[in-house]
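Chains as they are written, first to last, in the UniProt record's numbering: chain Z, 1 to 468; chain Y, 1 to 322.
What the hints contain is simulated information worked out from the structure, not anything from laboratory work.
Some clues are possibly wrong.
Here are some chain Z residues the structure puts well away from chain Y; computed CB gaps all over 10 angstroms [said to hold, decoys possible]:
| hint | residue |
| --- | --- |
| 1 | Val73 |
| 2 | Pro339 |
| 3 | Ser420 |
Straight-line distance between alpha carbons at most 35 angstroms, and here's what the computed DSBU-like set of lysine-lysine pairs gives [said to hold, decoys possible]:
| hint | chain 1 | residue 1 | chain 2 | residue 2 |
| --- | --- | --- | --- | --- |
| 4 | Y | Lys213 | Z | Lys101 |
| 5 | Z | Lys159 | Z | Lys140 |
| 6 | Y | Lys149 | Z | Lys275 |
| 7 | Y | Lys6 | Z | Lys382 |
| 8 | Y | Lys149 | Z | Lys101 |
By construction, the Cβ of each residue, glycine as well, lies at the ideal position given by its N, Cα and C atoms.
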Amino acid sequence: MPAPKSGSILRRPSRGTAAISAALGLSLVLAGCGGSNVAGGGGNPAASSQDCAAFAQYGDLSGTRVTIYTSIVAPEDQPHIDSYRPFEECTGTQIVYEGSKEFEAQLPVRVQAGSPPDIAYVPQPGLLKTLVTQNPGAVKPAPQAVVANVDQYYSETFKAAGSVDGTLYGAPLGSNVKSYVWYSPQAFAEKGYTVPTTWDELVALSNRIAADGGKPWCAGIASGDATGWPLTDWLEDVMLRENGPEVYDQWVSHAIPFNDPRVAAALDRVGSILKNPDYVNGGLGDVASIATTTFQDGGLPILDGTCYLHRQANFYAANFPEGTDISENGQAFAFELPPIEASQPQTILVGSEFVAAFSDRPEVQAFQAYLSSPEWANMKAKAGSDLGQSGWISANTGLDPNNLSNPIDRLSAEILQDQSNTFRFDGSDLMPAAVGSASFWRGMTDWITGQSTSDTLTYVEQSWPASS
Amino acid sequence: MTLLDKLLQLLVAVVVFAAVMGVVLLVADRARGRRTDLVSGIAFTAPAFLLLLVGLLYPAARTAVQSFLDARSAGFVGLANYVQIFTQPDLVVVLRNTLLWVVITPILATAIGLVYAVLVDRTRFEAFAKALIFLPMAISFVGAAIIWKFVYEYRPNQQNIQQIGLLNQFLVWLGFEPVNFILAEPWNNLLLIVVMIWIQAGFAMTVLSAAIKAIPSDIIEAARLDGVGGMRLFFYITLPSIRPAVVVVITAISIAVLKVFDIVRTMTGGQFDTSVVANEFYVQSFRLSNLGMGSALAMILFVLVVPIVIYNVRQMRKVDGR
Chain Z
1 MPAPKSGSIL RRPSRGTAAI SAALGLSLVL AGCGGSNVAG GGGNPAASSQ
51 DCAAFAQYGD LSGTRVTIYT SIVAPEDQPH IDSYRPFEEC TGTQIVYEGS
101 KEFEAQLPVR VQAGSPPDIA YVPQPGLLKT LVTQNPGAVK PAPQAVVANV
151 DQYYSETFKA AGSVDGTLYG APLGSNVKSY VWYSPQAFAE KGYTVPTTWD
201 ELVALSNRIA ADGGKPWCAG IASGDATGWP LTDWLEDVML RENGPEVYDQ
251 WVSHAIPFND PRVAAALDRV GSILKNPDYV NGGLGDVASI ATTTFQDGGL
301 PILDGTCYLH RQANFYAANF PEGTDISENG QAFAFELPPI EASQPQTILV
351 GSEFVAAFSD RPEVQAFQAY LSSPEWANMK AKAGSDLGQS GWISANTGLD
401 PNNLSNPIDR LSAEILQDQS NTFRFDGSDL MPAAVGSASF WRGMTDWITG
451 QSTSDTLTYV EQSWPASS
Chain Y
1 MTLLDKLLQL LVAVVVFAAV MGVVLLVADR ARGRRTDLVS GIAFTAPAFL
51 LLLVGLLYPA ARTAVQSFLD ARSAGFVGLA NYVQIFTQPD LVVVLRNTLL
101 WVVITPILAT AIGLVYAVLV DRTRFEAFAK ALIFLPMAIS FVGAAIIWKF
151 VYEYRPNQQN IQQIGLLNQF LVWLGFEPVN FILAEPWNNL LLIVVMIWIQ
201 AGFAMTVLSA AIKAIPSDII EAARLDGVGG MRLFFYITLP SIRPAVVVVI
251 TAISIAVLKV FDIVRTMTGG QFDTSVVANE FYVQSFRLSN LGMGSALAMI
301 LFVLVVPIVI YNVRQMRKVD GR
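Chain Z extracted, bound-state conformation:
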């Protein structure tokens, strides 16, 4: 609109200008709405060369769109986006992907503000539970097709983690195996070290490395305002191995206090490794340097030979520099954190993100069903392999490990699909947010920088919300 000469409108009546601009505004508002509708139309199913038979069950969803909000950002988002393509082409719906590093803080805000996405990938069951209980009706229960898929393809641990009060809200999406110790097969071969199969062997190996003049372990827990979480995984893993899954469940659900003597014993066992100046922190400093080393950097000294052992989940594979040989005889690989009590079953600590839906339109439910199906898991695995990415697996038993390009991914998928394994979900992810993503993290950070075990556990216990 041409700028009126300054002051002229006030001095001379020129109602025409204002009326014209108002009319112009209205017509453009209408034009704007029309334009976005046209652009919102999805792909054309007829034009697809894909074999769409597998997608016939979802029906024709032409002209619809599904919005996704997630914490998965570049570069890991690309195989996700690629894996939706067949669904988009065959059903005609359009998937709009939005990744944000501020996801955990922003999602509740968007839900409370009444503008949630259609689907969110919630990385913590605790957050899912909070969303369900604090915003009644906002999160839609999983549709029947999803329930059927989860019953058929996922183990009970994963189904329970995605449920609130017995109702399934979120099917697992990607999953991870947390009970890993990373090491360098090449360095082990060179030094004549062998992979330990019991906790005593692990300690003996650590002593031997220390006697050889090396620092056996390296660790890093810095992760912005989530600093401390890798240590919660340490404690959970040792809790499982020392006291078994039942006591672990009681601890996570607060049936026994957070500072129970058994928890203190487990934390002291973690301390016997991570607070031992002879054992840490290979190439990274003293014990306290664990607190300021980012978890991404924590395991890299394995490649330099300045440390030999690093406990971290399977997704740590993505942190090694491009070109690192991650395989049984390569520069880096992982073994299961060995058992402590022979009488307790070997339990694998796992984590997962969950597909929560805030809308029950047919296209959203169809997309949920697709995401929980083996077809999607295999499509995602192939898309990741095509891009040369590793570190992503699914607990879907329909996933064919051969679609995963990396040996560590295949090993993780096989562990998840092995029916003889016992699984337990990441405890801090299950606990109330005030504990699981606040005082537990902060307490462990203070613990590694010098606070005593009993002070730390008491501090976390006192922060447990009274209502839950």
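For this one, chain Z is given, so just place chain Y on it according to the hints.
Using the frame of chain Z, we list chain Y on its own:
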């Protein structure tokens, strides 16, 4: 959303804005007679007032109410949130840190800016020297925090390990052991404050330099004729003459400091006892979804800022009135 969609939206927004302005101007224009001033006054202030009401007054009132409610804004808990802030050790540390920030930063930043302004005043390289200290102002808080994080970065003194932090490299060159600065409580707070001072000293310098140049030269000459020079000239003539400007600078920096969030969040995420009220308020509200506690912290921030703002506005008026 495609680019075309976005462009159309942009166009629509511009046109709607123009239409609203057109209506306002039309209304103001129609006014006749004695009430012309009143009507046009209302027409011009009403949109701004409405926006203030929706964007500022209503949220402020709502926050005040929420601070007396529980985590989910469901039940009334009275002063429980406030009591917790002043008794729970974690949160007391947050208050202590905020106090440290508010006391140290404005004083040091203003002092450094003032001394710098006096030192470079009327020297040959004044423009260059001013540009040098003013440059950090152009860097965002997050950017500055990342830069300083590298300065404090720690690596052990071992074979094959290179220091990447400037400070620790100096220590190693001088033969000392490297220090994990970020962990050294409570000194790590001061290290974070340094970042803010680094940014704000340029602002202080600019304003104070202008004030110094505005001192009438006959006052300075008279003082010199009376035999006053050096430090005494500074304390008896310069400083009293620019007092209002100094106050404005100190209060402006105080307000900026009370809101400090980016630096803490970027450098430590509030870990290692370095959290401040603004950061804790974000954590409580959005990560822990404890709206009551978040609102109470926001109210404390509000209560702390208001007197400074009022004082600042009064001082600004004095400066303008001179």
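Hint check results:
No beta-carbon of chain Y is positioned within 10 angstroms of the beta-carbon of Val73(Z); the least distance is around 17 angstroms. For Pro339(Z), the condition that its CB be more than 10 angstroms from all CB atoms of chain Y holds, with the nearest at approximately 33 angstroms. The claim that Ser420(Z) is not at the interface with chain Y holds, since no C-beta of that chain comes within 10 angstroms of its own (minimum 38 angstroms). Between Lys213(Y) and Lys101(Z) the alpha-carbon distance is near 48 angstroms, which puts this suggested pair outside the 35 angstroms criterion.
As the CA atoms of Lys159(Z) and Lys140(Z) are separated by approximately 16 angstroms, the hinted pair is consistent with the 35 angstroms bound. As the CA atoms of Lys149(Y) and Lys275(Z) are separated by approximately 25 angstroms, the hinted pair is consistent with the 35 angstroms bound. Using a Cα cut-off of 35 angstroms, the hinted pair Lys6(Y) and Lys382(Z) holds, with the two alpha carbons roughly 34 angstroms apart. For the suggested pair Lys149(Y) and Lys101(Z), the alpha carbons sit about 20 angstroms apart, so the restraint of at most 35 angstroms is met.
When held up to the earlier numbered hints, the structure conflicts with hint 4 and nothing else.
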